[in-house]
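Asker: Could you slot chain B onto chain L? The hints should help.
Below, each chain spelled out in residue letters.
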Amino acid sequence: QVQLVQSGSELKKPGASVKVSCKASGYTFTDYAVNWVRQAPGQGLEWMGWINTDTGNPTYAQGFTGRFVFSLDTSVSTTYLQISSLRSEDTAVYFCARGSLAPSYGAFDIWGQGTMVPVSS
Amino acid sequence: QSVLTQPPSASGTPGQRVTISCSGSNSNIASNTVNWYQQLPGTAPKLLIYNNNQRPSGVPDRFSGSKSGTSASLAISGLQSEDEADYYCTTWDDSLNGWVFGGGTKLTVL
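Protein chains in written order, with our numbering: chain L, 1 to 121; chain B, 1 to 110.
Extracted from the complex, chain L is given alone in its bound form (with noise of 0.2 Å):
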C-alpha cells in the first residue's frame, strides 16, 4: 500500500546533528513531492518546506533556512531531513507528508509516523 515510513526516535545533545528517513513505498516517488512538518511538544503543526522529488530541489519555510537541510536517494525511494547544531528548542516530532509538484496546489495525502527528536544534555 502507499506509505511513507520514516526512522526512528533519537535523542541527541544540544550542538549535534540528526538526520531524519522517510522511506516511500507503494507509488511512483518521483511522481509527489515530500514536504516536512514540525510539531513541538503540546503545539500544532508547523510546514518546514518541500523538496521536489523529481529535481531534487528543496525549498525552505521561513525560520528553516541555515541549519535545515532536505535531500534525496531516488534509488531507495527516500527522503532526509538533517538538523545541525540541535539547540533544545529544535525538540519535536518530525513529520514527512506526501505532497504534489505544483507546491501550492493539492494536499499532504499520506504522512509519516512521525519521528520523535528530543534534544537534551
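Derived from the structure by calculation, the hints contain no laboratory data. Hints are supplied without guarantee of correctness; some may be wrong.
What the hints assert, rightly or not - Here are the computed lysine-lysine pairs in the DSSO-like style, where the Cα-Cα straight-line distance is at most 27 Å:
no., chain 1, residue 1, chain 2, residue 2
1, B, K46, L, K19
2, B, K106, L, K23
3, L, K13, L, K23
4, B, K46, B, K106
5, B, K67, B, K106
6, L, K12, L, K23
None of the values given here were measured: they were computed from a predicted structure.
Answerer: Only chain B this time, still in chain L's reference frame:
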C-alpha cells in the same frame, strides 16, 4: 502566532453538529483552496477535507467543508466519541510562498 486563526477548543455531545472556523486573509484562504486534517492523540495527521469541500475515500460524509472569502469551516454532524481529536486547517499563502496552518482546534466529545 499562526497565520490562520482557529478557536483553540470546541465541544459537543454525541449526535450533535459542531463547526470549526478558520480565518485567514486575501493572500491565503481567499486565493487558494483549504484542506483540513484530523490528528488523533499520539498519531500522525490524516487528510480529512481537501480542495475546500472534497472528502478522500474512506472519510465519512459526516465531515464537510466550506469556504467563503477569507474564512473556511469544517462541520461534523452526528458527532461520535471517536471524533475527539485535534483539527487543523491549512492553505497556501501567496505572500509567504508556502503552506500555513491554523493553530489547531481540540474537539472534545462530552
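Asker: Against this structure, judge whether each hint is valid.
Answerer: Quick rundown of the hints versus the structure:
For a cut-off of 27 Å, the pair hint linking B:K46 to L:K19 stands: about 24 Å separates their Cα positions. Pair hint B:K106 plus L:K23 does not hold up; C-alpha atoms about 30 Å apart against a cutoff of 27 Å. Straight-line distance between C-alpha atoms of L:K13 and L:K23 comes to about 25 Å, which keeps the hinted pair within the 27 Å bound. Of the supplied pair hints, the one linking B:K46 and B:K106 holds, its CA atoms being roughly 15 Å apart against a limit of 27 Å.
Taking the CA atoms of B:K67 and B:K106, the gap is near 20 Å; set against the 27 Å cutoff, the hint holds. A C-alpha spacing of about 22 Å is found between L:K12 and L:K23, which places the hinted pair at or below 27 Å, so the restraint holds.
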